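Residue strings, one per chain:
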Amino acid sequence: MIDNFDMSLVDWSRAQFALTAIYHWIFVPLTLGLSFILAIMESIYVKTGNEEWKRITRFWMTLFGINFAIGIATGIILEFEFGTNWSNYSWFVGDIFGAPLAVEGILAFFLESTFVVVMFFGWSKVSKKFHLTSTWLVAVGANLSALWILVANAWMQHPVGMIFNPETARNEMVNFWAVIFNQVAVDKFLHTISSGFLLASMFVLSISSWFLIRKREQIMAKRSILIAGIFGLLSSLLVAFTGDSSARTISQVQPVKFASMEALYEGKTNAGLVAFGFLKDSDKKIGSKTVKDFAIKIEIPGLLSVLTGGDKDAYVPGLKDHIDGNVERKIMATPEKMERGKYALGVLQLYSRARMTKDKEQIESIKGIFNDKDFQTNYFRYFGYASVLSPEDVIPNVSVTFYSFHLMVMLGFIFLLIFAMALYFLFRDEIADKRWFLWIVLFSLPLPYIASELGWILTEVGRQPWIIQDLMNVSGAVSQIKTGSVITTFILFAVLFTGLLISEISIMIKQIKTGPRH
Amino acid sequence: MNRILLILNRFIRLYYDGFRDMPNWGRKVWIIIIIKLFIMFALLKIFFFHDFLKSKYDNDKQRSEYVRDQLINSPATHD
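The listed protein sequences derive, respectively, from chains C and E.
So in this note's numbering, the last one in the first sequence is 518, and the numbering has no gaps at all.
So in this note's numbering, the last one in the second sequence is 1079, and the numbering has no gaps at all.
So here's chain C without its partners, still in its complex pose (with noise of 0.2 Å):
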């Protein structure tokens, strides 16, 4: 173990991290779901040649506009903080995420320079026709290119493609489509652009609500209640599909952040799916620590078992069958798994060894026990465990990993009834007269941006202590800087952060008051 060493530069390494990653997703979502929607509405107008169509495109690009130029950029700072903070995950991860980054910075940068601008200036400039394509293209690249930093993301949920070479102490990609069509990555991405979406239907609602309570530009605000309203359904029913598939891909490769998630400590068949509920401090314990228990619950019997397993007699482990194993259900315990670290460790620390000795006869043959099939699919899959105290530190923080999950999909609720109320008033025709229901929508804008917010809290704080799931935790990954400097850039980050916000809340404001002027 490194000696004296700060655990406050890892925190203030995750808060800063964690920081600018909640700041970077307000701005993205919302592209990602409104350029569809402005796609949609241009295809109106140009199909059926009504200006008031090009009105309301151009309504909600301006606003679209605004949130893409303050957001612009802001996941830059990400990758400064993984060359100067975490220097050592950076270069174990190798040119498995350089590479889909440096696919997402490129394809950023022409869908920039070239179709946003199109997009934006190029009104009276282009034929209606080559406008459409640029804003479909700009809608579909702003999509892919999420795609890379999301493949990457999955990849330190799933390891997969890889091989560690011990020469140069990083993974190198060894099977492009392995780490493309990872199970994670597939459900990561639609899972996160369908709630991408999602979000933006329910900012067009929203502010629609707010002119229809002001009784003005009523006909574009029930223009777009309808294409948000069906865009914003379609895309709960998409964004629910996608969880739950991405929900079951969790109990299979991540099966403590699963556990986590239901609060779920002893195993069991016929589980049941907590629909609400609140813990409490208990007297129970896992190893060392103390685990919290339901102070109440409302549970759906069985359906854990059948989401997960397919029926209600599957068997869905617990935190404590993770921990002390399960012979019966082939679970392996933590402690053999940081065994088996700890031996892929011991031929790490041999083969430098024999660098340092120069015995290149040992340094060949350690090679050759890196590429074994078996070396790497039994011990070093475990590599991180080999840092690991006690078998019961794996187990992440359960009542935010639990909290943020059900609140989540609460939200995800609460977003389709929405949506299904809007388009009954819309297509009855009495939507401007339910005041009730206009102030609700509009006072809901905040909540799918905590729903997305929780989605990515819940993934990351889940994953915990792992930064790369089972292969390296978060405090190997830290760079050995002064806790200092990272304080003052978490301030700076946050100053910035905040100031952009305000900047596009302001000038958000004050052009949805202008409203439509084209």
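Don't take every hint at face value.
Below, computed lysine to aspartate or glutamate pairings styled on EDC-like, alpha-carbon distance capped at 20 Å [said to hold, decoys possible]:
| # | chain 1 | residue 1 | chain 2 | residue 2 |
| --- | --- | --- | --- | --- |
| 1 | C | K268 | C | E339 |
| 2 | E | K1056 | C | E79 |
| 3 | C | K367 | E | D1069 |
| 4 | E | K1061 | C | D95 |
To be clear about the criterion: a stretch of chain E counts as covered by chain C if any three or more of its residues have a C-beta under 8 Å from a C-beta of chain C, and this derived list gives those stretches [unchecked claim]:
| # | segment |
| --- | --- |
| 5 | 1001-1015 |
| 6 | 1028-1040 |
| 7 | 1050-1057 |
| 8 | 1066-1072 |
If you're looking for bench data, these hints aren't it; they were derived computationally from the structure.
These numbers were taken from a predicted model, which means no experiment stands behind them.
C-beta atoms are modelled at their ideal positions from N, C-alpha and C, and glycine is treated no differently.
Dock chain E against chain C, hints included.
Same frame as chain C, but now just chain E:
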């Protein structure tokens, strides 16, 4: 050749006219973008965000050795 020049000219005009006729909100966000990029690249990147391994070691061999040593001596993490 003339066709390419024509397309290029139209493309440049698109940018030129777009920036010239930009509405007020567009000018505001451009000012914000320039300030933001200045803070990020001219202040934060230069003074605070050096590449840790590049600034500490001269070549990839040394960097590999350092990270290997860090992996071997990795401290435990709490949740």
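Verification of the hints:
Note on K268/C and E339/C: the hinted pairing is violated, with a Cα-Cα distance of about 27 Å set against a maximum of 20 Å. With a CA separation close to 18 Å, the supplied pair K1056/E and E79/C stays within the 20 Å bound. Simply put, K367/C and D1069/E have alpha-carbon atoms about 17 Å apart, close enough for the 20 Å limit, and the pair holds. Our distance criterion of 20 Å between C-alpha atoms is met by K1061/E and D95/C, whose separation comes to about 16 Å.
Only residues whose C-beta sits within less than 8 Å of a C-beta in chain C count toward coverage, and the segment 1001-1015 of chain E has 4 of them, enough to reach three; the restraint holds. Check result for the segment 1028-1040 of chain E against chain C: holds, 9 residues qualifying (beta carbon to beta carbon below 8 Å, three or more required). Requiring three or more residues with a Cβ within less than 8 Å of a Cβ of chain C, the coverage given for the segment 1050-1057 of chain E holds, as 5 such residues are present. Check result for the segment 1066-1072 of chain E against chain C: holds, 6 residues qualifying (beta carbon to beta carbon below 8 Å, three or more required).
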